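Enquirer: Respectively, the protein sequence lines represent chains A, B, C, D, E and F. Counting from 1, position 115 in the first sequence corresponds to residue 114 in numbering that gives the first Met the number 0; the numbering is continuous, with no gaps. Counting from 1, position 46 in the second sequence corresponds to residue 45 in numbering that gives the first Met the number 0; the numbering is continuous, with no gaps. Counting from 1, position 33 in the third sequence corresponds to residue 32 in numbering that gives the first Met the number 0; the numbering is continuous, with no gaps. Counting from 1, position 207 in the fourth sequence corresponds to residue 206 in numbering that gives the first Met the number 0; the numbering is continuous, with no gaps. Counting from 1, position 98 in the fifth sequence corresponds to residue 97 in numbering that gives the first Met the number 0; the numbering is continuous, with no gaps. Counting from 1, position 55 in the sixth sequence corresponds to residue 54 in numbering that gives the first Met the number 0; the numbering is continuous, with no gaps.
One or more of the hints may lead you astray.
The list treats identical chains as one, so a pair stands whether inside a single copy or across any two.
What the hints assert, rightly or not - No more than 25 Å apart at the CA atoms, straight line, and that leaves these computed lysine to any residue pairs for SDA-like: (1) Lys190 with Leu155; (2) Lys139 with Arg197; (3) Lys190 with Ile49; (4) Lys199 with Ile49; (5) Lys139 with Ala47; (6) Lys190 with Leu214; (7) Lys139 with Asp206; (8) Lys139 with Pro11; (9) Lys190 with Asn6.
Note that these hints are calculated values from the structure, not bench results. Bear in mind the structure is a predicted one, so any value in this text is a computation, not a measurement.
There are 6 protein chains.
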Amino acid sequence: MNVVIRNTPRAPREAVEGLAAFGVATVHEAQGRTGLLAPNLRPIYAGARIVGSAVTVSVAPCDNWMIHVAVEQCAAGDILVVAPTSYSDAGYFGELLASSLHARGVRGLVIDAGVRDVRELTEMGFPVWSKAVYAQGTVKETLGSVNVPVVCGGALIHPGDVIVADDDGVCVVPRRAAAGLVAQCAAREEKEAMVRARLKAGELGLDIYGMRARLAERGLVYRDAAADE
Amino acid sequence: MNVVIRNTPRAPREAVEGLAAFGVATVHEAQGRTGLLAPNLRPIYAGARIVGSAVTVSVAPCDNWMIHVAVEQCAAGDILVVAPTSYSDAGYFGELLASSLHARGVRGLVIDAGVRDVRELTEMGFPVWSKAVYAQGTVKETLGSVNVPVVCGGALIHPGDVIVADDDGVCVVPRRAAAGLVAQCAAREEKEAMVRARLKAGELGLDIYGMRARLAERGLVYRDAAADE
Amino acid sequence: MNVVIRNTPRAPREAVEGLAAFGVATVHEAQGRTGLLAPNLRPIYAGARIVGSAVTVSVAPCDNWMIHVAVEQCAAGDILVVAPTSYSDAGYFGELLASSLHARGVRGLVIDAGVRDVRELTEMGFPVWSKAVYAQGTVKETLGSVNVPVVCGGALIHPGDVIVADDDGVCVVPRRAAAGLVAQCAAREEKEAMVRARLKAGELGLDIYGMRARLAERGLVYRDAAADE
Amino acid sequence: MNVVIRNTPRAPREAVEGLAAFGVATVHEAQGRTGLLAPNLRPIYAGARIVGSAVTVSVAPCDNWMIHVAVEQCAAGDILVVAPTSYSDAGYFGELLASSLHARGVRGLVIDAGVRDVRELTEMGFPVWSKAVYAQGTVKETLGSVNVPVVCGGALIHPGDVIVADDDGVCVVPRRAAAGLVAQCAAREEKEAMVRARLKAGELGLDIYGMRARLAERGLVYRDAAADE
Amino acid sequence: MNVVIRNTPRAPREAVEGLAAFGVATVHEAQGRTGLLAPNLRPIYAGARIVGSAVTVSVAPCDNWMIHVAVEQCAAGDILVVAPTSYSDAGYFGELLASSLHARGVRGLVIDAGVRDVRELTEMGFPVWSKAVYAQGTVKETLGSVNVPVVCGGALIHPGDVIVADDDGVCVVPRRAAAGLVAQCAAREEKEAMVRARLKAGELGLDIYGMRARLAERGLVYRDAAADE
Amino acid sequence: MNVVIRNTPRAPREAVEGLAAFGVATVHEAQGRTGLLAPNLRPIYAGARIVGSAVTVSVAPCDNWMIHVAVEQCAAGDILVVAPTSYSDAGYFGELLASSLHARGVRGLVIDAGVRDVRELTEMGFPVWSKAVYAQGTVKETLGSVNVPVVCGGALIHPGDVIVADDDGVCVVPRRAAAGLVAQCAAREEKEAMVRARLKAGELGLDIYGMRARLAERGLVYRDAAADE
């Protein structure tokens, strides 16, 4: 029942690197507003933006044994995704595990629990998205699994899915959808660049998007403030 | 029922600029400990301090259509105040809307919901106080209203009220009270400056405020630690 | 019933300074995974690390009177620890009280409630761990006690206990245990340094900690990803 | 600044009694999906349904003095609405205050804080909607106001507004809107009765509401489960 | 992209009815401590216990359109499982939808959001597990999907999976695992019955489970209370 | 370090039975508004009221091993008090452990975590105050301690302290204070009975408590509603 899956397929390298040009909001919109993890997963420091392939870990509550097991399954360009089987904010992860992952070229961690040693992680430049910072130690007593599908931050993540994370949070892209999504993100960004230029020049979204007719049709009323207001 | 009020009166410019010299804590105290929004509205980056006139927006949950409508009603020196009609942490607001507001001289956003593109908003220097950072997109399907009274962060805000926001949170000053409040804030600051100087010189608040008698009267007991403690 | 205990014993200076070399996570582990305060007590700015002796204050909800009383009991090297007798996120503490403590050489504040003036506290370099930033003022009407045992962040703290606080949170060390803990922390750090070097060189925790046999004994299964996955 | 407004107008008796026939959900829908208080205000026992005129109380945090003042302003058919000026879950209200209100014909309490003596309140049949049950006592030190507008559960409530409360929560109806709303509620209920009958007979909402065309137009696809699924 | 899957396979009827003999805790344990939904999904009334096949619905936030679509896909013995694509506590579901489901023999609802009309649902005996009771209405503007995999209460649920719900919460059993699980549940219950009898007779779990040796081996120390304690 | 203290002293039987006549609110007030546990510890069913001597258990997160150990230390009239060393809402306790405690005459459980089998516990009449109902299983891997001081629901509890629990929550009375508190509770109840009678007869608290002068002195203003309001 507890299993470590080795050599799980990743998304094509060019798809992963292609997505690296875009932020979480763009990727989420481009794939039809899906894939976001819950907003309580926050970066431990501002400014990090990473894209990589998920190595998933299902851990027992307050037990980080399987993270040690998962390290061996990580390759350069991966992102570790850790989900306890029930709620926990304990500190499953700190500077030693980060050193080990860093040495393997892993790009960061997404964990639906707590982390510790955030000063050291920040100095090391190892980015983490977690729901708590908490020094509470964990034990190594109960097995879990590596590279099985997990629910993390309320989103379903398969091993090899692409993870995009930045200051806005975390988004998951199904492995087979990654390649196709790059062009959609680029198209979206291009369209936004045009709109941005017009907005900066003082045009209104109401006009650029042609919203006025639909607003009127729905019955929106404009009125001047009363004289005595 | 859904209405956009145009040309709502603002507080006098000199009242607004007068309040710009004071922080949220001072303004809140000076107006009798009223006007604070809930503490879960936090700035997306540290160090911003803004004062301006509220343009209010009542939006449907997970629907940001009316924010686009509200942009047109904003003038230089305003602050946009957005309140959904029921709880939501979705990302109603991002960099494109900020570009549009920025072009009009709007000073910032206070939103009882989520925002996204926080890296871009930070780079742009467009400050936001929100209760979440979340990339979750919204729709444009349901009308709301602009420049009607709204409850935001548990506080009642009328269009044209003065909003003061800094690292401590957000405070609202009723439009007609703004002018009178400036002097009270200044008086308070002056008094605090005197106290501060004495405290830094090592005097005790107990003596400066003359608290000892009342403490004794209430029965406070002083005792040395037991020898064996 | 309401009492101020004067001249409470502190931990030996060399024990306090000895612990100053270690972070919260290390201290927590070294004393058998005990002593952590709840993770919702967060620093108001990143990067502070302090160690000192607790002066404890039990305050009535939304009433900061006893903090003024406690200042007088504080000496250089102390850390003020404030716990309301029921839940509150009001702003019990701001820049004036910090000025007073700073003048006495107090190293920081741990408060199971809110603080305000965080910009000024940050500029002053007076670190605070709190569960909220909130400008909400408090009153001075109800007595409490100083230097009695308090529960703060879910942890029991006696006056004179050693407080260790950094970006990971806050940990309390019983006064009499402090001296003995220094060596244990040092031993732990030394061991970690060795492990860290090996991990950075690419060795696996699985091998360094000798985990493989126990994992197999527990029944962990390794399997290659299916061809069609 | 602290004021007790006497003899505030209530909604017409027949409007209040007219609304008594309807539940919170109906009233909320009939007035355009407005007026709901936050869902964390829950009844202390199941099955109560009350309608009455609001007597509002703004209290200091952890201070119930003004509730005692408000009792005198309550008449038969009123509902007491209590809102602290900042977050508190203390037990502002218990069986003694309920006895006093009960003797005056007050129908219940809505409080954005805590209550206690819930067993006695339940036996007495005095319904309360609160956000906590908590025995924590409060003080009587700081003034507040009675019959001023308050924000309670995130909703703006004026004295004399009609409060509707049942197992679904609490809804406020502006005083002057109450009379007009009765007919709209009745119309809504009548329409629902018809739909209910058809649904119970096995008809589908898809057909009763004529949704199929719009679903198809939006592009909804129907597909049979794959053979191997 | 938005799809309704028809005629999804259910678990064998005898597997579903077999599981009906067991509670959530037993089922969760028997399948290796997996399958629980988050504990904030609570029943709207005490005492209900249901087992059935999941019809899943992915809805847009604050939009219940697809629940109307899903009704048609429900058959007798099913349980409706509704998950918004982002956080919402709005009242997606009330007495009319329940009437329709009830007429089709649906056994209950599990929803990672709010419901309303709880008094009517209780009278009707239609059980619901939800994370909020809230009258807040929803719109019918945005498509979603029916009978696709959803994450509900943090658990992955496929259409046709077996849902077990009682006062302890909700558990999901993968469709193909249901038949095999019945025997494991029965075995577990049988073993528990034996233990229960011995415990009621006054035997200790320490002895029944043979824990004393392992406790001693781990170093647990027994000591009498000090005379002066 | 992990220890089981045997034969801890309890409060005198007549003190415990004396307190059994009073509710949580009365006891809390009578001992100077101290001793309450946090309000998120709620009873699993309404109407239970128990008083007894605490047997305390400090457990590792998600590990209920020490509860089994604690059973042996429980005698008739005791109440089990369980506190994990870090946050957990897992289901540490269910019907089997309750059967064992019930057989020994234990009166109930207070746990700063989750429980399961609430239907069975309700049928058995074994009352529990917990912060969650959750079927999530726990492990038996890590030692803890029995009859050491614990922090539970934010309150410090020593073994042998008296626990009072009812629908209002849970209160702890220090062992040595219990005997003296009975008379204070009785005095308080007597005084309240007199006030209650006068309130029911229509007198106002304002008059009974003589509050009018102090209100006027503080500056409370009475004003009639404006004619046009």
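Enquirer: Which of the listed hints are broken here?
Expert: 1, 5, 8, 9
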